[in-house]
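**Q** Next come the chains, spelled out residue by residue.
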Amino acid sequence: GAVVSQHPSRVICKSGTSVKIECRSLDFQATTMFWYRQFPKKSLMLMATSNEGSKATYEQGVEKDKFLINHASLTLSTLTVTSAHPEDSSFYICSARDRTSSYEQYFGPGTRLTVT
Amino acid sequence: GQQLNQSPQSMFIQEGEDVSMNCTSSSIFNTWLWYKQDPGEGPVLLIALYKAGELTSNGRLTAQFGITRKDSFLNISASIPSDVGIYFCAGQGGSEKLVFGKGTKLTVNP
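Those protein sequences? They're chains W and D, same order as listed.
Residue 270, in my numbering, is where the first sequence stops; the numbers in between run on with no holes.
Residue 326, in my numbering, is where the second sequence stops; the numbers in between run on with no holes.
Chain W with its partners taken away, still in its complex shape (with noise of 0.2 Å):
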């Protein structure tokens, strides 16, 4: 149980465009999904905090026009880097709290993103 996906696994783009990461809760609904981001050999840097039916709540330094996050359902949210710059390249992982349990989060696989 608590299988969180991440779809794509990795994705390349060109800089100015627009990419959408998906993360789901494959078997338990999460009113609570987290959205990180990881530099190499670097710990998790937390963006923004996406709750189901509002807004998400960033963190500070993180431009919420830039990272679009929507959780429209329980088991789905969508983390979208707009006009995207190559130092935007880096490895996004989500995270989602079973409303159920206290406060473990499981984590995604990552999406490793390029911008070129």
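Hints in this document: simulated from the structure, not taken from any laboratory.
These numbers were taken from a predicted model, which means no experiment stands behind them.
It is possible that some hints are incorrect.
Claimed, not checked - Derived BS3-like pairs: lysine-lysine, alpha-carbon spacing no greater than 30 Å straight-line: (1) D/K321 - W/K195; (2) D/K267 - W/K218; (3) D/K321 - W/K196.
Could you slot chain D onto chain W? The hints should help.
**A** For chain D alone, coordinates are given in the frame of chain W:
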């Protein structure tokens, strides 16, 4: 903001040896979680701790929630090559957000 100090940063051990890593914080946490991350993958939850003083095992892994609620350790006994990876501690304080340590990179030599 809350910060976690995780140590050691890296470890090189022989197969069969025991491993210990820990995290400390300047502030109190209500929950401690330990994750393992393989290259190019997302972190996988190993152990969750909810109560000060709690000692929990998962196979060869044992973790404890410090009595002061400001620290936690993870032990791995009789290490095997597949234990290789980066181990992260994470603490949850007053909100549902997790604060992550910087990771311990474990290398196991056969």
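**Q** State the violated hints by number, sorted upward, taking the hints as numbered earlier in the document.
**A** As far as the earlier hints go, only 2 is violated by this structure.
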